[in-house]
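For this one, chain A is given, so just place chain B on it according to the hints.
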Amino acid sequence: AQSVTQLDSHVSVSEGTPVLLRCNYSSSYSPSLFWYVQHPNKGLQLLLKYTSAATLVKGINGFEAEFKKSETSFHLTKPSAHMSDAAEYFCVVSLNTNAGKSTFGDGTTLTVKP
Amino acid sequence: DAGVIQSPRHEVTEMGQEVTLRCKPISGHNSLFWYRQTMMRGLELLIYFNNNVPIDDSGMPEDRFSAKMPNASFSTLKIQPSEPRDSAVYFCASSLVAGYEQYFGPGTRLTVT
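Protein chains in written order, with the numbering used here: chain A, 1264 to 1377; chain B, 144 to 256.
Using 35 Å as the maximum straight-line C-alpha spacing, the simulated DSBU-like pairs for lysine-lysine come out as follows:
#: 1; chain 1: B; residue 1: Lys167; chain 2: A; residue 2: Lys1364
#: 2; chain 1: A; residue 1: Lys1364; chain 2: B; residue 2: Lys211
#: 3; chain 1: A; residue 1: Lys1312; chain 2: B; residue 2: Lys221
#: 4; chain 1: A; residue 1: Lys1321; chain 2: B; residue 2: Lys167
#: 5; chain 1: B; residue 1: Lys167; chain 2: A; residue 2: Lys1312
#: 6; chain 1: B; residue 1: Lys221; chain 2: A; residue 2: Lys1364
#: 7; chain 1: A; residue 1: Lys1331; chain 2: A; residue 2: Lys1376
It should be emphasised that the hints constitute simulated quantities derived from the structure, not laboratory data.
The following block holds chain A by itself, in its conformation from the complex (with noise of 0.2 Å):
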């Protein structure tokens, strides 16, 4: 069994600051997890993945993760926010098999203010 929580539907940050995005995962198995960002009226686009390699991971437009596994934790982070950055942002856990099926957290929605 496997699950996902996104511990904040709603993140506002200035331009400029540090982006904290938090989520916690529940895995019977070592997991792969996933950051995917959703622009308004758009699809889903993978940021960046975790598969049992670096624990640092480092994703498209300047995103990262840290994958802590005694903490069960996945957080996104980024440096400095940019006002393309508003959008919604998903975690996932899977297992990396062929009959694995991908959890989808409820999603946190990132605004930036100018």
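Same frame as chain A, but now just chain B:
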């Protein structure tokens, strides 16, 4: 690669009509997923296929919904008859293997009046 292709991009239909949504996954991908997204319910997995075989359809809301994947390069999601509560954005996604990263299409916005 062209990515995941969905058609139509927008569909407006009247209650009771049949609706067919289409998806072409990325070539070489073995898993295909259908999702529905609404403001009220968020993103929901409806069904997914591995190697053209339906693996989990527990998310299909009711018998009015059906999905097929006749070959590796094409899938359909059909709603018959459609109802206003089916109004949503329907996404198709594909992945190399289930459990790997998914690549999403642009979605079909369905409005049932």
